[in-house]
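Note that the protein sequences, when read in sequence, are chains A and B.
Position one of the first sequence corresponds to residue 734 (the working numbering), numbered consecutively onward.
Position one of the second sequence corresponds to residue 2 (the working numbering), numbered consecutively onward.
Just so you know, not all the hints are guaranteed correct.
Simulated crosslink set (PhoX-like; lysine-lysine; CA at most 25 Å straight-line) [unchecked claim]:
| hint | chain 1 | residue 1 | chain 2 | residue 2 |
| --- | --- | --- | --- | --- |
| 1 | A | LYS777 | B | LYS109 |
| 2 | A | LYS800 | B | LYS101 |
| 3 | A | LYS769 | B | LYS101 |
| 4 | A | LYS769 | B | LYS109 |
| 5 | B | LYS101 | B | LYS69 |
| 6 | A | LYS773 | B | LYS43 |
| 7 | A | LYS752 | A | LYS800 |
| 8 | B | LYS101 | A | LYS774 |
| 9 | A | LYS773 | B | LYS101 |
| 10 | B | LYS43 | A | LYS742 |
| 11 | A | LYS785 | A | LYS800 |
| 12 | A | LYS785 | A | LYS773 |
| 13 | B | LYS101 | A | LYS777 |
| 14 | A | LYS755 | A | LYS773 |
| 15 | B | LYS43 | B | LYS109 |
| 16 | B | LYS109 | A | LYS773 |
| 17 | A | LYS769 | B | LYS43 |
| 18 | B | LYS43 | A | LYS800 |
| 19 | A | LYS742 | B | LYS109 |
| 20 | B | LYS101 | A | LYS785 |
| 21 | A | LYS752 | A | LYS777 |
| 22 | A | LYS804 | A | LYS773 |
By construction, these hints were calculated from the structure, which means they are not laboratory data.
Note that this is a predicted model, so its numbers are computed, not measured.
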Amino acid sequence: DTAVSQTPKYLVTQMGNDKSIKCEQNLGHDTMYWYKQDSKKFLKIMFSYNNKELIINETVPNRFSPKSPDKAHLNLHINSLELGDSAVYFCASSQGAGRFSEQYFGPGTRLTVT
Amino acid sequence: GESVGLHLPTLSVQEGDNSIINCAYSNSASDYFIWYKQESGKGPQFIIDIRSNMDKRQGQRVTVLLNKTVKHLSLQIAATQPGDSAVYFCAEILSGGYQKVTFGTGTKLQVIP
Chain A
734 DTAVSQTPKY LVTQMGNDKS IKCEQNLGHD TMYWYKQDSK KFLKIMFSYN NKELIINETV
794 PNRFSPKSPD KAHLNLHINS LELGDSAVYF CASSQGAGRF SEQYFGPGTR LTVT
Chain B
2 GESVGLHLPT LSVQEGDNSI INCAYSNSAS DYFIWYKQES GKGPQFIIDI RSNMDKRQGQ
62 RVTVLLNKTV KHLSLQIAAT QPGDSAVYFC AEILSGGYQK VTFGTGTKLQ VIP
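I would like the entire structure built from these sequences, with the hints used as guidance.
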């Protein structure tokens, strides 16, 4: 029944490691997003894919690489993790690019880098 | 109760009172604005939006006011309930060839039973 799911829900890792967060939506949407929310609850968009094509790519370190194997999945791979990467990462989806009023958000993945 | 944005990130109101949460946005060219509610441990949830050519929009128990002159947005919640306790934040969206969404700083609403 879950519309947008993320795995894992919690991720604790050491600096310098490489990790991935997975996102899947079962809504049939064609657009997916990744957001980062810091400890002060400030939310910032990172990427957006429409029909597997990158359409939003905000200023994000090259260590972050999104991958969309199909329209239902958007994974986030992070290389050489740094302390500042600690945050909650949210995936979202919508039908149509930039339909921010109609987005469904996932439950978030809390990443802690030690 | 009324918040004053960055200077009062937490707003406490009595159950049944009205709440007003404020947001200042930065880009006068933004096309529309969204208010989100985020409960603890969950993702943001859309509450209401308003286009830049409007100054007021009402939903169920919520009203959003837009003042483009001072680039200010407010969310009014009528008869606040314990289930309204959450973090609320606004977002401004600039449409066009490259969509740009910018989120405001959140305000935590605490409803006192």
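To see whether the hints hold, each was checked on the structure:
Among the hinted pairs, LYS777 of chain A with LYS109 of chain B is consistent with the structure: their alpha-carbon atoms are about 18 Å apart, no more than 25 Å. Distance hint between LYS800 of chain A and LYS101 of chain B is fulfilled; the C-alpha atoms sit about 21 Å from each other, no more than 25 Å. Of the pairs offered as hints, the one joining LYS769 of chain A and LYS101 of chain B holds, with about 15 Å between alpha carbons and a cut-off of 25 Å not exceeded. Only pairs whose Cα atoms come within 25 Å are accepted, and LYS769 of chain A paired with LYS109 of chain B is accepted, the gap being roughly 19 Å.
Note on LYS101 of chain B and LYS69 of chain B: the hinted pairing holds, with a Cα-Cα distance of about 18 Å set against a maximum of 25 Å. With a CA separation close to 15 Å, the supplied pair LYS773 of chain A and LYS43 of chain B stays within the 25 Å bound. The straight-line distance between the Cα atoms of LYS752 of chain A and LYS800 of chain A is roughly 13 Å, inside the 25 Å bound, and the hint therefore holds. A C-alpha spacing of about 19 Å is found between LYS101 of chain B and LYS774 of chain A, which places the hinted pair at or below 25 Å, so the restraint holds.
For the hint linking LYS773 of chain A to LYS101 of chain B, the alpha-carbon distance of about 21 Å falls within 25 Å, and the restraint holds. A C-alpha spacing of about 11 Å is found between LYS43 of chain B and LYS742 of chain A, which places the hinted pair at or below 25 Å, so the restraint holds. For the proposed pair LYS785 of chain A and LYS800 of chain A, the alpha carbon gap of about 8 Å is at most 25 Å, so the pair holds. Of the supplied pair hints, the one linking LYS785 of chain A and LYS773 of chain A is violated, its CA atoms being roughly 31 Å apart against a limit of 25 Å.
Proximity of LYS101 of chain B to LYS777 of chain A is assessed by CA-CA distance (about 11 Å); at most 25 Å being required, the pair is judged to hold. Annotation: proposed proximity of LYS755 of chain A to LYS773 of chain A holds, straight-line Cα distance about 24 Å (limit 25 Å). Between the alpha carbons of LYS43 of chain B and LYS109 of chain B the distance comes to roughly 14 Å, so the proposed pair stays at or under 25 Å and holds. Taking the CA atoms of LYS109 of chain B and LYS773 of chain A, the gap is near 11 Å; set against the 25 Å cutoff, the hint holds.
For the suggested pair LYS769 of chain A and LYS43 of chain B, the alpha carbons sit about 14 Å apart, so the restraint of at most 25 Å is met. Between the alpha carbons of LYS43 of chain B and LYS800 of chain A the distance comes to roughly 24 Å, so the proposed pair stays at or under 25 Å and holds. For the given pair, LYS742 of chain A sits about 23 Å from LYS109 of chain B by alpha-carbon distance, which is consistent with the 25 Å threshold. Taken as a hint, the LYS101 of chain B and LYS785 of chain A pair is honoured in the structure, with Cα atoms around 19 Å apart against an allowance of 25 Å.
Under the criterion of a C-alpha separation no larger than 25 Å, the hint pairing LYS752 of chain A with LYS777 of chain A is consistent with the structure, at around 20 Å. With a C-alpha separation of about 31 Å, the suggested pairing of LYS804 of chain A with LYS773 of chain A is violated against the 25 Å cut-off.
In this structure, the earlier hints numbered 12 and 22 are contradicted, and the remaining ones agree with it.
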